[in-house]
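Residues 170 to 612 (our numbering) make up the sequence shown, in order.
FYI, nobody ran anything at the bench for these hints, they're computed from the structure.
Fair warning: there could be bad hints in the mix.
[Stated by the list, open to error] List time: in silico EDC-like cross-link candidates among lysine to aspartate or glutamate, alpha-carbon distance up to 20 angstroms: (1) K380 - D468; (2) K232 - E178; (3) K471 - D363; (4) K435 - D465; (5) K507 - E368; (6) K526 - E487; (7) K492 - E514; (8) K380 - E398; (9) K530 - E554; (10) K239 - E276; (11) K239 - E288; (12) K526 - D459; (13) K435 - D534; (14) K566 - E599; (15) K476 - D252; (16) K582 - D572; (17) K545 - E496; (18) K476 - E487; (19) K476 - D465; (20) K460 - E408; (21) K380 - E368; (22) K235 - E198; (23) K476 - D250; (24) K239 - D252; (25) K492 - E481; (26) K476 - E554; (27) K530 - E496; (28) K232 - E200; (29) K284 - D252; (30) K545 - D442; (31) K235 - D250; (32) K284 - E253; (33) K460 - E514; (34) K239 - E198; (35) K435 - E398.
[What the hints assert, rightly or not] So the derived label-pair ranges between C-beta atoms look like this: (36) T431 - K510: 30 to 36 angstroms; (37) A503 - E588: 25 to 31 angstroms; (38) S498 - V248: 37 to 43 angstroms; (39) S498 - A598: 50 to 56 angstroms; (40) E588 - N399: 43 to 49 angstroms.
The structure displayed is predicted, hence computed values, not measured ones.
Every residue gets a Cβ at the ideal spot worked out from N, C-alpha and C, and that includes glycine.
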Amino acid sequence: MPDFLFLLESRLNPDQYRVVEQVQAAAAEHELHLYLVGGALRDLIYGYPIRDIDFAVEGQAVKVAKSLLKRAPDAKSIVADFDESMRSAYLTYPSGLTVEISACRTERRGRPGQKPQIEFTGIYDDLRRRDFSMNAIALSLNPNSRGLLLDPNNGVADIERHEIRTLSSAAFTDDPVRLIRAIRFKTRLRFNLDERTEEQFRAALDSGAIKNASPSGLHNEFREMGREENPVEILKALEKEGLTTAFHPRFVGSKLNLNGLTVVQKLARSIEDVGIPVRFQGPFFYFLQDKLPARDRNDLLKRMAMKRSDQEIWTSLEPRTKKLVQELSGKAAATPSKTYKLLEEQPGELLLFLLMKFPQKKIQDKVKNYLHRHRKMRQTLPRMELETLGVAPGTPKFQQVLDAYFWALLDGKVRSSKEPIKPLKKAIAEVEAGGEKAAKAAS
């Protein structure tokens with residue numbers, strides 16, 4: 170049995186591990202039992218990159234989330250969404266990390282697709298109501314049992330076998346959205362459905378159970394698909410099973426825009442290859458709907474009962490990019506250095522959208538130069554030479570001088586980067602003069 174506390178420390182990045190510690194502290198403040206659950210724990214065991222962190226609380230989970238927000242130094246930049254009826258909180262961090270803190274519960278279901286009756290309970294009942302065994306595991310984060318694994322459904326063994334197994338014979342008919350989720354997990358993790366689950370899947374698919382999928386469930390899967398590393402591959406797998414029409418009847422063949430999405434996805438990866446993260450969800454949604462007429466797009470949103478605030482992730486792309494194009498065409502980008510400073514402030518998804526939707530050559534050239542030439546130039550600045558001139562590395566002055574040299578290099582004021590000493594001395598003088606001027610103004 171692996172050391173799960175060691176896995177937490179070694180496989181979570183520093184920001185993710187810090188969140189775990191903050192949630193632990195918040196739960197301890199209210200003396201509530203806390204568990205790491207679901208996909209985060211599955212991916213931790215499997216060695217898959219962790220994108221989201223889910224916690225289950227025996228008790229008032231919303232109190233834990235609110236205490237966390239009071240403690241977190243970056244609380245103002247965290248987007249928090251509270252669902253008091255489900256006693257859940259959803260936090261989105263600036264890095265893109267999403268955190269769910271939910272009260273343990275059971276769900277009693279009536280007719281297929283009908284909203285379940287909720288009863289708040291303990292961790293073991295919470296694990297039993299989940300979709301697949303690989304997601305029905307929990308890790309205690311409580312002081313007296315920290316690191317203890319709870320696996321009542323033998324989910325770890327299924328992860329090791331690379332198998333997806335339901336927890337009940339009615340799993341897909343009780344919640345038809347699980348048909349989509351099974352394909353998403355199967356495609357992403359390269360797992361197989363176990364024999365009994367495959368039979369259940371086929372029977373539910375043949376019966377048309379997906380027609381009873383809840384709008385909220387479809388919305389959640391639509392959102393999660395956009396956050397996947399390879400959503401186009403998942404779309405293809407869903408289309409093969411006839412499940413894309415669950416989102417909209419027209420989502421088949423050319424209307425799915427798979428070719429366009431493939432181009433967008435490749436471009437997103439090329440931007441990430443130069444070190445700029447791309448939140449692909451917005452562009453994915455935009456270009457997925459690109460072949461649908463306006464009436465069908467509106468129908469799609471109604472089918473998922475999607476709020477206006479949820480739509481902004483892609484509807485805001487076009488107006489924001491148009492504003493950026495105007496800036497790139499004007500004084501704000503009159504020189505290469507100004508262009509660099511402007512584009513450096515933009516998120517990767519906006520640069521992606523600009524390259525896809527605004528083909529003007531001057532604009533395209535500015536963005537491509539920034540991505541593929543100028544960023545590389547900045548990585549090869551004469552740091553050692555600057556150090557020999559007596560400027561200590563790691564100090565604000567060191568970075569200011571490098572920046573001044575770089576802006577001059579971009580704007581053609583430095584003749585050759587192979588002879589940096591003279592322009593470095595000039596940059597040092599400019600920075601020192603600027604510092605003296607600022608000091609006089611402050612006094």
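Hint by hint, here is what the structure shows:
1. K380 - D468: holds, 15 angstroms
2. K232 - E178: Between K232 and E178 the Cα gap is close to 26 angstroms, so the pair fails against 20 angstroms, i.e. violated.
3. K471 - D363: violated, 35 angstroms
4. K435 - D465: violated, 27 angstroms
5. K507 - E368: violated, 61 angstroms
6. K526 - E487: holds, 9 angstroms
7. K492 - E514: OK: K492 and E514 at ~14 angstroms, within 20 angstroms.
8. K380 - E398: It is violated: about 27 angstroms lies between the C-alpha atoms, which goes past 20 angstroms.
9. K530 - E554: Violated, at roughly 37 angstroms.
10. K239 - E276: violated, 31 angstroms
11. K239 - E288: violated, 28 angstroms
12. K526 - D459: holds, 12 angstroms
13. K435 - D534: holds, 19 angstroms
14. K566 - E599: Cα-Cα ~11 angstroms, so holds.
15. K476 - D252: Given that 20 angstroms is the threshold and the Cα spacing comes to 15 angstroms, the pair holds.
16. K582 - D572: The given pair, whose Cα atoms are some 13 angstroms apart, holds under the 20 angstroms limit.
17. K545 - E496: With a Cα-Cα distance of about 23 angstroms, the restraint between K545 and E496 is violated, given a limit of 20 angstroms.
18. K476 - E487: Judged against 20 angstroms, a Cα distance of about 19 angstroms means the pair holds.
19. K476 - D465: Within the cut-off at roughly 16 angstroms; holds.
20. K460 - E408: holds, 16 angstroms
21. K380 - E368: The given pair, whose Cα atoms are some 19 angstroms apart, holds under the 20 angstroms limit.
22. K235 - E198: holds, 11 angstroms
23. K476 - D250: Cα-Cα ~13 angstroms, so holds.
24. K239 - D252: Measuring from Cα to Cα gives roughly 18 angstroms; hence the hint holds.
25. K492 - E481: holds, 16 angstroms
26. K476 - E554: Violated, because 55 angstroms separates the two Cα atoms, which is more than 20 angstroms.
27. K530 - E496: With a Cα-Cα distance of about 15 angstroms, the restraint between K530 and E496 holds, given a limit of 20 angstroms.
28. K232 - E200: Holds - the C-alpha atoms of E200 and K232 are around 11 angstroms apart, at most 20 angstroms.
29. K284 - D252: Between K284 and D252 the Cα gap is close to 15 angstroms, so the pair holds against 20 angstroms.
30. K545 - D442: The hint holds at about 12 angstroms.
31. K235 - D250: Measuring from Cα to Cα gives roughly 11 angstroms; hence the hint holds.
32. K284 - E253: holds, 16 angstroms
33. K460 - E514: violated, 31 angstroms
34. K239 - E198: At roughly 12 angstroms apart (the allowed maximum being 20 angstroms), E198 and K239 satisfy the hint.
35. K435 - E398: holds, 11 angstroms
36. T431 - K510: 30 to 36 angstroms: holds, 33 angstroms
37. A503 - E588: 25 to 31 angstroms: holds, 27 angstroms
38. S498 - V248: 37 to 43 angstroms: violated, 32 angstroms
39. S498 - A598: 50 to 56 angstroms: violated, 34 angstroms
40. E588 - N399: 43 to 49 angstroms: holds, 46 angstroms
The structure shown violates the earlier hints numbered 2, 3, 4, 5, 8, 9, 10, 11, 17, 26, 33, 38, 39.
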